[in-house]
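A.B. asks: So you can see what is in the structure, the chains are spelled out below.
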Amino acid sequence: MLTLLRIELVKLVRAKSFYLSFIALTGFVALMLWGFYTYAERKAGGQAVEQFKYTYESKQYFNGLTFALYSVLFSFTLLLPVFVAMSAGAQVAGEARAGTLRMICARPVARPALVLAKFAVTALHAGALLAFFIGLNLLVGLVFVGWGNLELYPGPLNLVDAPGKIMRDEALVRFAYAALSGTWALLVVVALALLCSVIFDSPVQAVVTTIAIYLTLYIVGRVEFFEHLRPYFFTTDMDFWRDVFKPDIPWQSLWHYACTCGAYTTGLLLAAVLIFDRKDITS
Amino acid sequence: MWSKLILAAVLALFVAGALHFAPRRERELLGAQPAAGVPLRLLTWNVGYAELEDDTRAHTKDLPAVAETILRREPDAVALQELTGAAQLNALLALLRGRYRGAVAQQGAGDRFEAVLVRDAGARFAPVAAGERYALGATFRPRADTPEVLLLSAHADAFNAARRRAYTEALVGWAEARAQSAAVFIAGDFNFELRAGDETNLYTDNLQHDSESYSYLLRSFRDLGRAAGDTAINDRRIDYVFGAADRVRLRRAEVLRGAAVGRMDHWPLLVEVEF
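Order-wise, the sequence lines are chains A and B.
In case it helps, this note's numbering puts the first sequence at residues 1 to 283.
In case it helps, this note's numbering puts the second sequence at residues 1 to 275.
Think of the hints as simulated: they come from the structure by calculation, not from any bench.
Do not rely on the hints blindly, as some may be mistaken.
Ranges between beta-carbon positions, derived for each pair [stated by the list, open to error]:
#, chain 1, residue 1, chain 2, residue 2, range
1, B, A16, A, K16, 40 to 48 Å
2, B, M1, A, R168, 50 to 58 Å
3, B, A16, A, P231, 24 to 32 Å
4, A, T282, B, M1, 44 to 52 Å
5, A, P231, B, A50, 23 to 31 Å
6, A, H228, B, A9, 29 to 37 Å
7, B, D54, A, E170, 16 to 24 Å
8, A, P247, B, D54, 40 to 48 Å
9, B, P127, A, P247, 33 to 41 Å
10, B, A65, A, E170, 48 to 56 Å
Cross-link-like lysine to aspartate or glutamate pairs, in silico, EDC-like; alpha carbons within 20 Å at most [stated by the list, open to error]:
#, chain 1, residue 1, chain 2, residue 2
11, A, K246, A, D161
12, B, K4, A, D161
13, B, K61, A, D280
A few chain B residues that don't get close to chain A, going by computed Cβ distances all over 10 Å [as the list claims (entries may be wrong)]:
#, residue
14, A16
15, A18
16, L71
17, E132
18, R178
19, A232
20, F275
Virtual Cβ for every residue (Gly too), placed ideally from N, Cα, C.
Just chain A, with the same shape it has in the complex:
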């Protein structure tokens, strides 16, 4: 199993898409910095002095930690799942397309172990991607915006229902928690993409199907018509990762949704293993 993991890890690191995801996220951070900086200047600068008041328009509100929070929250929903799906979707289908899958399966390697190794490596990629993204945001926030406490208000970000504050050091711990909870939430997308990768022989088809399912559930979940369906979408449960940024972390709820995401992940992974174990490899 360790040999399998090492081989899969080498394959991942050698893939161009692995680096593309990091480069794209770096670009997003640069874009966020520009948007955040100009917004803060406009809202908290001289031209807005008349309106300059209590919360968002306070200069101390716009600090590096707030920047990192906005950047991570904005990107998590639509950006990170795409890169994670790209990585996981290509795992089995990519081998099939390249013609190497049959060769791998002809060797004395248990098929379930192969799927689990690919899952573990992709999970590692998801974790590294999120940790890198959070770290980069914090670094850019520190260097270009400056640090302060994390102030939270009801409304935007939808994190609190009353004004709250997380002190700087505690906020940094929360970002570390977010790297863990966010990775755990992304594992659902990893498992889904891996299942699609097992089902389809084309990596493009696997990635597009994964993203299509994810986006469909995400969008439908935000339309009031389908309000009653919302609790049954994994995209709703995935949102639990943000709870670590609440002044008082709702641990009970966090464990509930973490377990739900865990169930989705293992369920999809089990399905992938079962299908791949019986699959007739023709490519």
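Given chain A's structure and the hints, the job is docking chain B onto it.
C.D. replies: Okay, now just chain B, sitting in the frame of chain A:
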């Protein structure tokens, strides 16, 4: 084979874990307290109709139902919004069999009026100018041994978050100036849209303005009806009772969901506190 069994076991473990840990419950900032002090019961109700109706103000035919709810719940004071004017208020007072005194606010830029009903015969009413709109304040003493209470009936703009913010700012300023002499409550329909999760974009000026307004109110007051849930159709919580937490303790907050009649789009919010 073993890997599949282990995966199945882990899946079962996660399902059990999800069942074991209860879903999130709304946190209540002010926990309900056992009855000890003198109670004060306040009710706020936008008795107007939903947007699609020809006349979205209160309909006189609904007043018997409004009166029945008030008589059944016996609030010490009632903040009403979207009345058509003094005539409608007088009709309602008549249906309340003389148990309440009341007044409507001055007419502002709109065609609807806020009103306050109070059980205390000695209540004093005062208009509150807030931009182009008028709220109405009533000062009264619910019991002989309690301090004076000032209840404001408010109705913020339904369509413009910036105007809601200016209105809220004026109202809070007015209320804070009187907070030393009376226990101040601000009740009404503020139309705050704070549920960003329902927005297609994550950060808008409207959200920022409403968040600003709400946060500003919470600097001086507590949202007493927070735990009661939605107060209007489409799962919106836009009716509030704000009160100074250092002067009163919350006993209960309840949205009277069976009370709306006709095409009303709000339910009354009943808040009971004690001194």
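A.B. asks: Hint by hint, note whether the structure agrees.
C.D. replies: Outcome of the hint check:
1. A16(B) with K16(A): 40 to 48 Å: holds (42 Å)
2. M1(B) with R168(A): 50 to 58 Å: For M1(B) and R168(A) the Cβ distance comes to about 51 Å; the hint holds.
3. A16(B) with P231(A): 24 to 32 Å: violated (19 Å)
4. T282(A) with M1(B): 44 to 52 Å: Because 25 Å falls outside the window, the suggested range is violated.
5. P231(A) with A50(B): 23 to 31 Å: holds (27 Å)
6. H228(A) with A9(B): 29 to 37 Å: holds (32 Å)
7. D54(B) with E170(A): 16 to 24 Å: For D54(B) and E170(A) the Cβ distance comes to about 54 Å; the hint is violated.
8. P247(A) with D54(B): 40 to 48 Å: holds (46 Å)
9. P127(B) with P247(A): 33 to 41 Å: holds (39 Å)
10. A65(B) with E170(A): 48 to 56 Å: With Cβ atoms ~51 Å apart, the hint holds.
11. K246(A) with D161(A): holds (10 Å)
12. K4(B) with D161(A): Status violated; Cα separation ~43 Å.
13. K61(B) with D280(A): This hinted pair is violated, its Cα atoms lying about 73 Å apart.
14. A16: Contrary to the label, A16(B) does not stay out of reach of chain A, its closest Cβ about 8 Å off (not over 10 Å).
15. A18: violated (4 Å)
16. L71: holds (33 Å)
17. E132: holds (18 Å)
18. R178: holds (21 Å)
19. A232: holds (13 Å)
20. F275: Holds: least Cβ distance 23 Å, greater than 10 Å.
This entry does not satisfy hints 3, 4, 7, 12, 13, 14, 15, going by the numbered hints stated previously.
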